[in-house]
Each structure stands twice: as C-alpha cells, then as structure tokens.
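Novice: In case you want the letters, here they are:
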Amino acid sequence: VADTADYVAVASEYVALASLPDIEKAEVFEPMPEEICTWQS
Amino acid sequence: VAELTTVDLSCADLSVREINTVLRGLPDGTVVRITQPRGHHNLAVGLTGRLNITIAGNAGYFIGGLCDGPEITVEGFVGWSVGENLGSGVIRVRGNASECAGASARGGLIMIDGDASSRAGISLKGATIAVAGDVGHMTGFMAQAGTILVGGDAYDSLGDSLYETVIYVAGKIRSLGSDAKISELGESDVAAVRDLVSAAGFTHISPEDVTKVISAKTLYSFDALKDQKY
Numbered sequence: 136v137a138d139t140a141d142y143v144a145v146a147s148e149y150v151a152l153a154s155l156p157d158i159e160k161a162e163v164f165e166p167m168p169e170e171i172c173t174w175q176s
Numbered sequence: 636v637a638e639l640t641t642v643d644l645s646c647a648d649l650s651v652r653e654i655n656t657v658l659r660g661l662p663d664g665t666v667v668r669i670t671q672p673r674g675h676h677n678l679a680v681g682l683t684g685r686l687n688i689t690i691a692g693n694a695g696y697f698i699g700g701l702c703d704g705p706e707i708t709v710e711g712f713v714g715w716s717v718g719e720n721l722g723s724g725v726i727r728v729r730g731n732a733s734e735c736a737g738a739s740a741r742g743g744l745i746m747i748d749g750d751a752s753s754r755a756g757i758s759l760k761g762a763t764i765a766v767a768g769d770v771g772h773m774t775g776f777m778a779q780a781g782t783i784l785v786g787g788d789a790y791d792s793l794g795d796s797l798y799e800t801v802i803y804v805a806g807k808i809r810s811l812g813s814d815a816k817i818s819e820l821g822e823s824d825v826a827a828v829r830d831l832v833s834a835a836g837f838t839h840i841s842p843e844d845v846t847k848v849i850s851a852k853t854l855y856s857f858d859a860l861k862d863q864k865y
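Chains as they are written, first to last, in our numbering: chain A, 136 to 176; chain B, 636 to 865.
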C-alpha cells in the first residue's frame, strides 16, 4: 500500500506503483493479515 | 594511499545487471549512490567488496542478497527478502520491509527502521536482524542460529519450529508458534540486547524489558515414530 496526502494505491509489488506522481513521498507499507485499512476523504 | 571515490549509478540509465557488474568491479572503500531505484529487484547482490552503498529510494526484492561485505543503506521501502542469504556486512532499511527479511542469512546485521512483514528471519542461519517496529506472522520460522530483535509487536505464530535462534520482543506477542516458548531473560541477554540496540541506534527499546523467545525443543529432533503420524 502506498499512502500519500492525495491518493492511496495498492499493488502486489512496488514496481507497479513506481511511476505514480510523488510516489517517492508516499508511506509504503504492507498491511498485516486480517487487517482492514480504511481511508476518509 | 587510495583516495576515497564516490560513484553515482542511476537505474534510469543502467539495467540492474549493469549496476551489479559495475559494483563488482569497484575497489574496497568506494562510496556508491544508486539513484532512481524505482522498486527494482536484485540491486547490490552477490558483492564481496567493502563498499558503502546507498540506495536512494524505494527498492524491490532481494536487495543486498548473497552479499559478503558491503554496507548498504536503503532510503526507503524494500520488497521481499532483503539481505537474503547475507554472509557478512550491514544492511539498513530506513523504511518498511516486506516479507522474509533476512531469509537464511548466515552473518552480518540487518536493521529495519520501520516494520517488517511476515516471516522475517525465516530459516535464519546466524545473522542478526533488528526491526524497530512490528513484525508479521511466522517471524523466525525454522530459524536455526542468530538473533532477531523486534522493537514493536510480533504478530501470530512467532518463532514457529524454532531451533537455536533467539528472539527478543520489546512489544506484545500476539501468539507463539509451535515449539516456541518464552524464556527467562538473563544478564547476558540484556547485555546482548543493549549492544544490538546501541548498534542499531534504536532509542525506544529498554533491554531489561524485552521478552525472550527460544525453542521448546519438542520438535527439535526428527522422530520417525512420533505418534506414528509420519
């Protein structure tokens, strides 16, 4: 999961996210099993 | 006396194979900066030189794998199996790490400033892994030698089928795996954790307050007649 102020992106590996704008500023993490992440705009 | 040289290598200009070929030819003491890693896999693998390598950004799988000497810093996140089969040297990840950090690593020190996902230190064979944050399920699975320090919480089945690796956890343990047990913390453990915390630069871990997990040794030796189940 890549989390930024503008968007959240999910992919199986970082290569798939590497071309997103400002991706280098994203918080990149792997959610734990059975963990549900929610975001609010 | 050779002067300290600095080399910049960009993943935008060179393939991973080209970068690793250049790294293999550099003399000891060279300072290298790998820019625009963009999640590429297998950067800085199989190196024996005493290089000082910085990967400037998020990287992919197997970063620093099979190395025997260099110091590697990743200024970002890494994918699966950072430091897989590491022989010696130091790897520091400034962000989070995906699954299997330090898998089968035989020596050296792997430090992760963020969290590590599941199966960190799987089949560890002598290296030291220090994670500042949380670790995912099955951390230390079948780990045979070496040390794992967890600065945060450990998720389910910690130390499943553990052999001689010792795991120290500063936070909560959600559950232990098969054949793992909590053991009394001795003076030598506290000293070992203190040294490791100091080496890693972690400031939030109190060495006297960690929980020690070792093998209960009920699965340690293969027993062909055990319950006639095999």
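No lab work stands behind these hints, which were simulated from the structure alone. Model, not experiment: these values are computed from the prediction. Think of the CB as a built atom: it goes at the ideal place given N, C-alpha and C, for glycine as much as any other residue. A portion of the hints provided could be inaccurate.
[As the list claims (entries may be wrong)] Simulated DEER-style distance windows between Cβ atoms:
no., chain 1, residue 1, chain 2, residue 2, range
1, B, T670, A, Y142, 17 to 27 Å
2, A, T139, B, S841, 28 to 38 Å
3, A, C172, B, S841, 24 to 34 Å
4, B, I817, A, E170, 18 to 28 Å
5, B, A834, A, I171, 34 to 44 Å
6, A, S147, B, H839, 41 to 51 Å
7, B, K852, A, D138, 24 to 34 Å
8, B, A851, A, D138, 36 to 46 Å
[Said to hold, decoys possible] Reference listing, derived: stretches of chain A covered by chain B, where coverage requires no fewer than 3 residues with Cβ under 8 Å from a Cβ of chain B:
no., stretch
9, 138-148
10, 156-170
Novice: Could you say whether the range 28 to 38 Å given as a hint is met by the Cβ separation of T139(A) and S841(B)?
Specialist: Once the Cβ atoms are compared, 34 Å apart, the range 28 to 38 Å for S841(B) and T139(A) holds.
Novice: I want to verify a distance hint. Is the separation of the beta carbons of T670(B) and Y142(A) within 17 to 27 Å?
Specialist: holds, 24 Å
Novice: Do the beta carbons of C172(A) and S841(B) sit within 24 to 34 Å of each other?
Specialist: holds, 30 Å
Novice: For the range 41 to 51 Å, tell me whether the beta carbons of S147(A) and H839(B) fit it or not.
Specialist: violated, 31 Å
Novice: Given the hint of 18 to 28 Å, is the C-beta distance from I817(B) to E170(A) inside that range or not?
Specialist: holds, 25 Å
Novice: Could you see if the CB distance from A834(B) to I171(A) stays within 34 to 44 Å?
Specialist: holds, 36 Å
Novice: Per the hint of 24 to 34 Å, is the separation of the Cβ atoms of K852(B) and D138(A) within bounds?
Specialist: Violated, at about 42 Å.
Novice: Count residues of the stretch 156-170 of chain A with a Cβ under 8 Å from any Cβ of chain B, then say if the count reaches three.
Specialist: The restraint on the stretch 156-170 of chain A holds, since 7 of its residues have a Cβ under 8 Å from chain B and three suffice.
Novice: Go ahead and decide if the range 36 to 46 Å is satisfied by the Cβ distance of A851(B) to D138(A).
Specialist: Given about 39 Å between the Cβ atoms, the range holds.
Novice: Can you confirm whether chain B covers the stretch 138-148 of chain A, using C-beta to C-beta distances below 8 Å and requiring at least three such residues?
Specialist: violated (count 1)
Of the numbered hints given earlier, the model fails hints 6, 7, 9; all others are met.
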